[in-house]
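Protein chains in written order, with numbering that gives the first Met the number 0: chain A, 0 to 174; chain B, 0 to 174.
In case anyone wonders, no lab produced these hints; they're calculated from the structure.
Every value quoted in this text rests on a predicted model; they were computed, and no experiment measured them.
Treat the hints with care, as some may be off.
The list treats identical chains as one, so a pair stands whether inside a single copy or across any two.
Straight-line distance between alpha carbons at most 25 Å, and here's what the computed SDA-like set of lysine to any residue pairs gives [as the list claims (entries may be wrong)]:
(1) 37 <-> 168
(2) 37 <-> 83
(3) 163 <-> 55
(4) 163 <-> 122
(5) 163 <-> 131
Protein chains: 2
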Amino acid sequence: MNFCNQCGARVELRIPPGDLIARHVCDACGHIHYQNPKLVLGSIPEWEGRLLLCRRAIEPRYGYWTLPAGFMENDETVAEAALRETQEEAGARVELGAVFSMISVPRVNQVHVFYLARLGALEFQPGEETLEVRLFDEGAIPWEQVAFRTVAATLRHWFADRGKGSFGFHAEDIR
Amino acid sequence: MNFCNQCGARVELRIPPGDLIARHVCDACGHIHYQNPKLVLGSIPEWEGRLLLCRRAIEPRYGYWTLPAGFMENDETVAEAALRETQEEAGARVELGAVFSMISVPRVNQVHVFYLARLGALEFQPGEETLEVRLFDEGAIPWEQVAFRTVAATLRHWFADRGKGSFGFHAEDIR
């Protein structure tokens, strides 16, 4: 960040009075530009024991497999974000269950949250950011080609919990 | 937002190609400025059945009572943010338990997350943004003077769950 988005003057990176963290501060208009982590919301769409994965048509991780997920937008709830991303990326309507995983990734300033979900019908199709959408049995999950560690962790927890017969809530960090 | 924080040129609010939402776009350098919801992290510090609340020394809701909580920062995890805010606002060290509530507030583009927590010792003191810190029995909670609806909802769930003898996870929205 080089310029103030309020007044256009140059900003300076320093610790404001009463703060502990360096911020981009504008001396012309006084605005302090805070930067905070972003939420990524997604779902784990299930159909008769199989899970729906999307093969990415964009970077990062072009060609790798992921759960439908993306950045939460302003003016929506976490559940609305998960439903929207599932519709946009997988062309799928799901019924959301409980929140299943919440994974902090401080290296990229993100928190990833995934909902349990059931496909409403055997209908799905790749959206603009997706090459291919497919249902996978546990044995067919392309573990070596899963796009993100948060997705791999969420899938592992899902199959482990299914094995136990009970789905919990999983909060963890990826360093 | 009026100016590009990368190059200082004026930005325009419009829907970029392939997008569905209006963004602040810079025609000079091509940068698209996304704005996303912020995470607010806090804890529910408990000591022998009583909960620790902070009376706010800042706006909004100056003088009202709240759980220790604040904006998650870059380079930290959700748990680290909850611990830091509890230390900063209440001068208290806690041991975090499970994530207890996750409440979307789309009107202000925030998601509030609270952890179960135990005070490590009977030690707390107001930080710079706090007038007073005090432990409350259920009967003494100043419900009419609770600062935020997410805090009131979290407190109600906490006492209800304690009554049932089991603490769950509560995801909801406040419109």
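Results for each hint:
1. For a Cα distance limit of 25 Å, the shortest separation of residue 37 from residue 168 qualifies both inside one copy, at 20 Å, and across copies, at 22 Å.
2. When the C-alpha separation of residue 37 and residue 83 is checked against a cutoff of 25 Å, the pair qualifies both within a copy, at 17 Å, and between copies, at 18 Å.
3. Taking identical chains as interchangeable, the C-alpha atoms of residue 163 and residue 55 are never at most 25 Å apart, the minima being 31 Å within one chain and 45 Å between chains.
4. When the C-alpha separation of residue 163 and residue 122 is checked against a cutoff of 25 Å, the pair qualifies neither within a copy, at 29 Å, nor between copies, at 41 Å.
5. In this assembly of identical chains, the alpha carbons of residue 163 and residue 131 never lie at most 25 Å apart, being 31 Å within a copy and 46 Å across copies at closest.
Checked against the numbered hints above, the structure breaks hints 3, 4, 5 and satisfies the rest.
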